[in-house]
Each structure stands twice: as structure tokens, then as C-alpha cells.
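> Given next are the chains, with one letter for each unit.
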Amino acid sequence: MLVYLKIFRYNPEAGRSTPSFDTYNIEAQPTDRVLDLLEHVKGHVDGTLSFRRSCAHGVCGSDAMRINGRNMLACKVLVKDVGNEITVEPILGLPVLKDMIVDMEPFFDSYKAVMPYLVNDEVPADGKERLQSPEQRERFDDTTKCIMCAACTTSCPVYWADDQYVGPAAIVNAHRFIFDSRDQAGGERLKILSDHGGVFRCRTAFNCTEACPREIHVTQAIAEVKQAITG
Amino acid sequence: MVQHHQHEVVIVGAGGAGLMAALYASRSADTAVLSKLYPTRSHTGAAQGGIGAALGNLEEDHADWHTFDTVKGSDYLGDQDAIEYMCTQAVPVVYELEHMGLPFSRNPDGTIAQRRFGGHTNNETKKPVMRSCYAADRTGHMILQTLYQQCIKNKVNFYDEFHVLDLLMRDGVVNGVVAVELATGDLHVFHAKSVVFATGGHGRVWEVTSNAYAYTGDGVAIAMRRGLPAQDLEFFQFHPTGIFKMGILITEGVRGEGGILVNDQGERFMERYAPTVKDLASRDVVSRSIFLEVKEGRGINGGRYVHLDMRPETVNKYAELDGRTGPDGKPLIVTGEQLLSKVPDIVDFARTYLGVDPIKELMPIQPTAHYAMGGIPTNFHTQVLADAKGAVVPGFFAAGEVACVSVHGANRLGTNSLLDLVVFGKEAGIKAAEYAKGADYKPLDEDPTAFTREQLDRLLAGKGGEKIVTIAEEMKMKMMDDVGVFRTAEGMHSAAEKMRELRSRYLNVSVDDHGRRFNTDLLNAWELGCLLDVALVTAVSAEARPESRGAHAREDFPQRDDANWLKHSLAWLDGDQVKLDYKPVTITKHQPMERVY
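These protein sequence lines map, in sequence, to chains A and B. According to my numbering, the first sequence is numbered sequentially starting from 2. According to my numbering, the second sequence is numbered sequentially starting from 174.
Some hints here could point you the wrong way.
Stated by the list, open to error - Residues from chain B that face chain A, not an exhaustive set, calculated with beta carbons under 8 Å:
#1 G218
#2 A385
#3 V684
Simulated from the structure, these hints should not be mistaken for laboratory data. Backbone N, C-alpha and C fix where the C-beta goes; we use that ideal spot for every residue, glycine too.
Could you build the full structure based on these sequences and the hints that come with them?
Put into C-alpha cells, the structure is as follows:
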């Protein structure tokens, strides 16, 4: 099938300091990934086209983009899922550096701000594993799936407008520890998230949940953190 | 512009091995981690089925059994001192991961869950044993996340999106690396007392692969360009179950949970090839069996693939026939829901990429290029070795897939790659920091970026009109056809010749992007150069080995030849010539035997 592909371009270094679109007509299979189309353009038509990618099957989180207006991983959406007119743009809310490449530093800074690591220095006397029941483990399973692609955070209208807000992905990663029976710093994390840039900025738009390529129930996770704070 | 930095320990790569090394090195030494990807993008995150350790949480198991299975799995090419070290360290290191916060799946009693995996057996009954410690089917993701989280906690110093292009040495001593900062295009010199390479593998040499775009053999190629050898590159693993055409991995855990392979006649063909463990034979054995089924016309509809069947009715039928029981001793009965909870990502991949629901339908699969058993030679303290006599390269360490210790020999067992990462990543961190504490900064050469600039400038100046993608496609096709699951002298010879041709055409590559910021066009071209170097050495090393062992299976030499070829290869690349040497395998307790599953 013939695909009409429209790609956002921005590269001030090469004189393209005003964002614009390039268009390509590409012969594609319905089962091709959108990433395959971008690779085709880069390999055969214009090597200057720039985007991040690595695993190409939806687990590394490199290639979150706006595809026909919605945040997706380019490697996890097939042509047949989006039709033969495809527009690809960078995710919103982070500074665009070149074509689809955005500055990820603010995103990772927010992640680091919520203590995204297990706090517990006590180890069983026999040196073996801490015990955790399957039910305790299940309690936070959903939020362990996060690959930090930023699809959720950059779909959030509050995040676009408010540079103080840590955003959904950071809250998801805090949730993963707050509800882990082994962790001892839940109170500190809740305090961070009850602050100015924390969970109460969320206006429950549900964009994040719709955007998550890992199908994490992001809005629900945020609600659970809110509830843990308000008791 | 060239910027200069100084750190006692510089770690290149931020996957499982690099992060584990970073956690340990940074306890006592000024440490920096350089990675061409954000750490959480590393390919460790794609590992699915589990990490092997004889915890014995569900049934009797012993580190000794794990050791023997690994030796046998390696087709006796693995070094037994290193294997015993890894399998013994497995148990405490898995507990350590749990202590760091790794969210393993759990048994009803709260201990770490374990499942069966190919080649892991009870050494007395010879039946598959539950040794693979797992977190659903995203164990690698959890390891990568957990180690990165601990690095954040411990304030490890990261240089993200810094792509290392050269290793610096003076008088045979390693003293730094050169990297390009992707965001600016600036070159950075990192002056170091010790350098750890944890750069991963090179599956992108082949057409159908489970490997990430980033897996371009940078570490091995950089070391070879500095005159160091590569070990056992002829041994590259094809995982039996990749998604047809795309190569995306379907974990062996699917078969560990009771899934089976069937041919066009609906036959469970592994019963013929591996009567005892059947679908849970070693990966090389299963990949060859699939290849032979296809060759004999029993691929699905005569095509180049077979089916993987994990529908609950199939799993239950064969569990009863095989006499597999649950923890209560009764025949194992699973529901679709339970299978979904064990391998949720696999179900997701099948639905996304195949449009198939594996709880109700069959998955078309074919062998996919998966894992480099070979790499930069090291001893089991992760010190890089310069020759067949075991001379150490001072200041240079390697761990993970880029290294060849060798714990995997001619064929790696599933779950042993994640184990390799954490055990030897930790060792590398400890040893690199120890070394740094006893060493001075060796002075840098006057112009340390000269070799890097020479490589990049040549690519930027190229006007020959050869396209990166054309050369890459020709390389991948040729290597898939002739240095794949089965090999012949003629095929390997023509592959080596083809790689020489492509390397000469590579000199005429031209890139479109001449800018500095995020010049991925230029770096893709540089990576292709690495792949071509690794592919050439792989083809030549393979052609020179006239026997079949593990993943190196020859139609013209179908038998293993211990009398002449129970030895590791070492290859030096000089221009388009490959010089080979060999060194003995370390054998301690297990004399080579015929390998039957």
C-alpha cells in the first residue's frame, strides 16, 4: 500500500530553524512499523532525518513520538493501525533539539526527584531473599512496567502548562515503591508528592493512561497516591 | 572542540554489566559511566525469561548441577573455573538483586519464583529443573531498572548519550577513551586509570535478529582496532523462537511454562531430536531442529517457519504426557489466564506484531540471531587478555556480552546471560577500582583524538556515493545465508570474501548529514564499520574451525573434534587479513562427553 508520510523537521544548525514538514510517498506493508518507515526515509531518502530508537519492539522507550496527534512508540504501532496518511511529530512539552529528538533531561530530573529506588537496608539474617507474598507483589506490579518513554508525561495538559509539575511518569515510579511492602520511605515520597509540583496538579485528564504503550493504569496510580496522602 | 575529563574508573556501557560495575566501582573510586543510550534504553531491558541460580526454592537444586549444565551446554568449550565461579556466585548475587529491590515474581511462600528453562536439569533424573528466577517475562527490564535506580540512589556519575569511539593506550597500558557527545558533536577525552567495556553484542550483523539497533559490536571493533584480539567469534547463538521475519524474541520461558514447537504436520518434532528434554533442549539444538524441519519441507505451508503453541489445552495435554506435575504433585493444569500472567509481554508482542492471540492461536517463529558467545577475551576477574598465553592488558576490563570469559563456550544456556552480567559486572567494578587505587594516571598521547578524527573525517568527506543501508543489507543477507545456523566451507569462504568487498566499498560511503548535533547518520555509518569488522572476523574464524560444536554447526564436518579443536580461537584483525591463534580450554571436573538431551 502507498503511505503518505508527513514528518516534522527542525534543525537550526542546518538552517531549518522554523519547524516545518517534509512529505514522502512510501510503498509499505500494512504490518510495517512506523519506525520502519522512518528508517526507510533515513536510509534511502534523507540521512539527516533524526530520531532516537533502539530495541524496535516497545521495551526500551527510545522512540515515543506523536503519530497522527497521539503519543505512541514508533516501533509499536503498525501502518495498518494508523492508516495510510501518517503524520509524525516530536512529543510535546520538552524542548525540541532536532527533528524528533527532544531534550529528555527535564523528564529524568523529575523522575530522580521522587526517590525512585528501594529504601531498606535491613537484610534477612540468613542472607536470603526478603519474603513477599504474591498478593503484596501484585499490589505494585502495574507500575513496575514503566519504560520511561515519556509518552504519558508529554501527553498531559498540566505538564505542558506547568513546569513545576513532576508529571505522570515520575508519579508512576514513586507509586512502584510506595506500594512495595519492602520499602521504608513511602512517607518521604508522599511528602515530596504532596508538595507544590506533586500529584494534586493532576486534573485527571486520562491522556496519560491512553498514551501509555505499556498499558499502565497511570491515572489510577496517581489517584492511589493522592489517596495515600489524604488518607 | 575537544573537552577533557579525568576519572579513576571509566565504564563504557550502561546495561546490566555496566551498571553493576558502576555500583561497585563507585564505592571506592571516582567513577564515570558513558553510554551512547540513556541507561534505561540498554538492551539488558529486552531480556525476558529469567536469571539462573540454584536457589532450590521449588525443588532440589545445586550450584554444581548448574555448573555441569553450563559446561555441557557450552559443548565443553566453556572454561570450567569461570563457569563454576559464576554458578556458585549466582545464588548470593540473586539475593543481592532482591535486596536492591528487584521485584521478582513470588511463590506462595513468599520466596523468589523459579521456572524451567532449556538445558537446565536435575543432574540425577535428567529432567528439566526450575532454576530460572523471574519477574514475569520482563526479568531483564527489572534488572536494568533496579540497577539504574540504585545508581541514582548512590549518585553515580553518568554521561548519557556519549558514544565511545576509541580506546586510548600508551605502552600497552589502557589510559582512557574518546567519546562524541551526541547533543553537540564535541569530542571528549576521558583520562582514566582503568576502563571497563560493557558495550554489549553485535547481533545486527545478521538479517533476522532479536537485537537492538544499538547492538553494533562497538566494543570488540574498538579493541581490535587497537591491536587486541577477539575470542571465539565463530560462536554466535541463534535463538530458536524469534517472531517470523521480524526476529523479535519470544522467550524460552514460553516452553518453560509448557509451550511446544510443532511443524506443518502438527507434529511435536522435538521428540525426535531431544527425546529426554524435548522442547527444552539447548538453543543450538532446537534452532538446528527447526532449520532441518524447514529444509525437509515441514515448515508451515512449506515456508521458512514453524509454530510455537502455548494454548492451554496444548500445554495441559503435553504436561500430562510428559508427567509434569504442579507443586501439589497432581498433573499440571493451567488456564489461559495463568499463562497470560506468566508471559504477559509475549502475549502483547504476538498481538501487536503478528495479530495473533497466543492463548488461542499458534505463533509463527524462526531462529533469530541473538547472542555473542565470543568477544573480548578476559579471565574470570574480567581482566582483558592480550594473547594466547594469558598476558593481561593493564587497566582494561570487560564484562557482559562484549566479553568472552568464557562461561558460555560454544553455546549459552538461557538465563545465563543475565547471570553473566551481574556476576562479572560486579567483579569488573571491584577489580577496576582496586586497580585504579594502585595506579597512577598514565600520561595521554599528545593528540589523543587523532584516530577518532581520522575515522569521522573520512566518513564526512566521503563522496563515493555508497549508501550505508545498501552495504548493511548486503552484509546481513550474506551472513544470514552463509554464517548462520548451518555452515559450509564454501559458504563461509564466500562470506569472508564478501565482507572484504563490503569493507572496501565502505571506504566510499558518503553520509547526508554534515552537522554536529545528533548526527546519527554519521554515527550509524561508524557503527556499520564496526559491524563489518566483526562480521569479517566471524566468517574467517568460522571457516578455520573444521568441526561442529555448539552454535557452530557445519554440514561438511558434522562431528565435534575434541582431539584437535577443543580450544578457543583468538583473532587479530590487520587490514583485511585475520590472524588466528588458539588457546586451551580450562577443564577442571568435567571431561568432555557426548552431548545428548
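> With a cut-off of 8 Å on the beta carbons, see whether A385 of chain B makes it to chain A.
4 Å, holds
> Can you verify the interface hint for V684 of chain B: is its Cβ closer than 8 Å to any Cβ in chain A?
6 Å, holds
> Does the CB of G218 of chain B sit less than 8 Å away from some CB of chain A?
Constraint on G218 of chain B satisfied, holds at 6 Å.
Of the numbered hints listed earlier, not one is contradicted by the structure.
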